[in-house]
Amino acid sequence: MAASPIRVAIVGCGAIALEHLAFLAPSPLVEVVGVCDASPAAADFARSKVPGARAYRDLTAMLEAERPTVVHVLTPPHTHPALAAQCAEAGCHVICEKPAAGTLGELDAMLATADGNGTWLMESQNYRYNQPVLDLVAAIGSGRVGEVREVDVMISLDLVSGRFGDLNLTGPGVNLPGGAVHDMLPHMAYLFLMLSGAETSADRDPVQVYGRLWNASGNVRVGFDQVDALVVSGAVRGRLRLASDLAPDAMRLVVRGTAGSAETDIWHPYLRVEGGANVGKRIAVEHLVSGSRLAWSAFTDLRDKVMQFGSYHGMTRMLDDTYSRLADGAAVPISRAQMRDTAALVDAIVALGGAS
Amino acid sequence: MKVLVTGAGGFLGTAVVRAARRAGHEVIALVRPAARLSGAPWDDDGVTLVRGDLRQRGPWTGELAGAEAVVHLAATPSGDLPSQFQATVLGTEQLLDALDHADGLQLRRFVHVSTFSVYDYAAVPAGTPIDEDSPLESQLDRRDAYAVTKTIQERLVRDWALRAGTPLVVVRPGAVYGPGADWDHGVTMRLPGGLGLVFGPRSRTKFVHVDDVAAALVSALTAERAAGRTINVIDDDPPTYLQYAKRCRAAGADVPRLIPVPWSLVKLFGGLVAQFDRRVAGGRAKLPEFAARRRQDAQWKPFVYPNAVARDVLGWRPGRTLDDGVAEMVAAGKQRNR
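Protein chains in written order, with my numbering: chain F, 2 to 357; chain G, 423 to 760.
By construction, these hints were calculated from the structure, which means they are not laboratory data.
Mixed in with the good hints there might be a few duds.
Capping the alpha-carbon separation at 25 Å, the derived lysine to any residue pairs in SDA-like fashion look like this [what the hints assert, rightly or not]:
id, chain 1, residue 1, chain 2, residue 2
1, F, LYS306, G, ARG717
2, F, LYS306, G, LYS668
3, F, LYS50, G, ARG612
4, F, LYS306, G, VAL702
5, G, LYS668, G, THR652
6, F, LYS306, G, THR652
7, F, LYS50, G, GLY755
8, G, LYS708, F, ASN118
9, F, LYS50, G, ARG564
10, G, LYS689, F, ARG304
11, F, LYS306, G, ASP502
12, G, LYS708, F, PRO249
13, F, LYS50, G, PRO682
14, F, LYS50, G, THR652
15, F, LYS50, G, GLY501
16, F, LYS50, G, LYS756
17, G, LYS689, F, LYS50
18, F, LYS306, G, ARG612
19, G, LYS708, F, GLY354
20, G, LYS689, G, LYS708
21, G, LYS689, F, ARG341
22, F, LYS306, F, ARG294
23, G, LYS708, F, VAL290
24, G, LYS708, F, GLY106
25, F, LYS306, G, GLY693
26, F, LYS50, G, LYS708
27, G, LYS689, G, GLY755
28, F, LYS50, F, GLY311
29, G, LYS668, G, GLY755
30, G, LYS708, F, ASP153
31, G, LYS424, G, TRP605
Here are some chain G residues the structure puts well away from chain F; computed CB gaps all over 12 Å [what the hints assert, rightly or not]:
id, residue
32, PRO455
33, GLY474
34, GLN575
35, ARG679
36, LEU690
37, LEU694
38, ALA707
39, PRO710
40, LEU744
Remember, it's a predicted structure, so these values are computed and weren't measured experimentally.
All C-beta atoms, glycine included, are put in the ideal place defined by N, C-alpha and C.
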């Protein structure tokens, strides 16, 4: 007999909730029993995607009435620690949007609360599951790039003209120490740690961070809108850059190693892998293959956009993996160590802002 | 009457503030904090400027107490669904909550500005009228973010008015044109080589001039028989897409060489795409307006658009001829491009 679906609730019914619901609504692994938001209209809209759920304005009321097994915390980041603690104390596992916490210290406190209540806390690190990232991992695993020496994560994203920098609103756009940039730092950190091999290395060197975090626009709500960090972990180094004044939007990943390089873009996927043992003889073929892949990606990108296979497809895969494991009584797929390493690297990058 | 106008700094809002002042009303003009406003009508003593954003509670909520009526225009017509939802739906929710809590507020009327986008164009046969009794969209997930959010917004306002006992008039303007809103001169798609496609060239547009909409909204504040009514506001004889494009060109607008694409072909194309979507993509494809059947219907399917209710209940008459309106709009566009 199939196991009963896991009872799930969400708190926070904004934009990211729609991405979580895209997996939760049709999944046979879960039953969404409650949606909660301070705005009844937002909660009603979320409920329209999961007709069996009930809408709430108050988290306490939802937890008491619905007794969910898992709660997705999808509210603004500065509210995560308190809400995650409340859910853990109610005996619920928590899947928390990134950044789960503003600092490593906050994250440790959240993990301690989860431990104390025998529940899981997992930060959403959805890009780990995106196909372009998995393609890079495969290229690294195949040995085509040799030993990884450089991992660059370069983001062009206008944080100023969107809601983070909207001067019609008051208060900070993102209420975290790293300002608007902080919203993207977890992605940059875990992708570096993942692709560099640092997170799987048992005896890795401590990560060192140099660079600058600053406000280039003068917009008071964004806090910081640019970062350029050099990150070094043993023999591997990388540039983690986010620029708000470049177009078009892009999230480029480049991995360079002792034998070759591989690159992609998470938001406009393509894969370019170059290098090999005998570059001199094979270089013409490599260029042809690489160029053909690039041209083909123009078609696949358009197809994926029409088919709504967007950059959040990793979210669907991550949640599917998570709930499959929970159904089997296993641990969540993103480990405590991965979350802590990510938060520690983010802390180090945020500290650059104090030196600007 | 003292009238609160939300979205007062926008294209239609500014015209409503002017029209309300001409009708002798005092105006509380709620404008976004970052809006740059100068000259008329903002320097008028009868206009109290209140800066605030409906998406966020703030001091603006304390400025509502004296209002006797509301014209609710605030909405965001562009951007993705979450940003339109936040501004149009959550903003309205905040406004209604603030009105509920305003000290001693006794509204004599609430005029809500809805849109023709809420109708279900697929459910109405071609060539027949779209009027106030036409069905509302039943498949919102097949429409754009504007139709989705304006439909939810209208429901919110109707529920609130019923609960609060406030006399409500829902005005649904057509496509509002005027200086600053030219609807790309009726051209569906610009092509290389100075060519432009005009879909549904013989279908009527839903055009109505911005000043005429403003006049209708101000009439709705006081017209005795308007309370509880839904009223479409559209020109007497709106031009077809091809006529509009040609008039814009005659007025000096940059209109390319026009290639009319009959409605039958547009519909055939949309039907083929829909078949492909159903059979190959499992109905999941996200399509642009020109290829998505329900959105094609909303835009180019031929209908008749009566305005008898507006004429009867509001005593409203369109005051601007198409030639005058287009000439003014094109001249303003050229001025901006200089």
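When you check the alpha-carbon spacing of LYS689 (chain G) and LYS708 (chain G), does it fall within 25 Å?
holds (17 Å)
Starting from LYS708 (chain G), check that the Cα of PRO249 (chain F) is at most 25 Å away, please.
holds (22 Å)
Decide if the proposed pair is consistent with the structure: LYS306 (chain F) and GLY693 (chain G), CA atoms, cutoff 25 Å inclusive.
holds (20 Å)
Does the alpha-carbon distance linking LYS708 (chain G) and ASN118 (chain F) stay inside the 25 Å limit?
violated (43 Å)
Agreement of LYS50 (chain F) and ARG564 (chain G) with the hint, judged by alpha carbon distance not exceeding 25 Å:
holds (14 Å)
Between the alpha carbons of LYS708 (chain G) and GLY354 (chain F), is the straight-line distance 25 Å or under?
Roughly 41 Å between the alpha carbons, so the hint for LYS708 (chain G) and GLY354 (chain F) is violated.
Compare the distance between the alpha carbons of LYS306 (chain F) and LYS668 (chain G) with 25 Å, and conclude whether the hinted pair is satisfied.
The given pair, whose Cα atoms are some 35 Å apart, is violated under the 25 Å limit.
PRO710 (chain G) and chain F, when compared Cβ to Cβ, separated by more than 12 Å
Violated, since 9 Å does not exceed 12 Å.
25 Å limit on alpha-carbon distance, applied to hinted pair LYS306 (chain F) and ARG717 (chain G)
holds (18 Å)
Taking C-beta pairs only, is ARG679 (chain G) more than 12 Å away from all of chain F?
holds (28 Å)
Checking one constraint from the list: CA of LYS50 (chain F) to CA of ARG612 (chain G), max 25 Å. Satisfied?
Violated, at about 37 Å.
Assess, step by step, whether the Cα of LYS50 (chain F) is no farther than 25 Å from the Cα of GLY311 (chain F), and give holds or violated.
Status holds; Cα separation ~19 Å.
Hint compliance for this structure: hints 2, 3, 5, 6, 7, 8, 13, 14, 16, 17, 19, 21, 23, 24, 27, 30, 31, 32, 33, 34, 38 and 39 are broken, all remaining hints hold.
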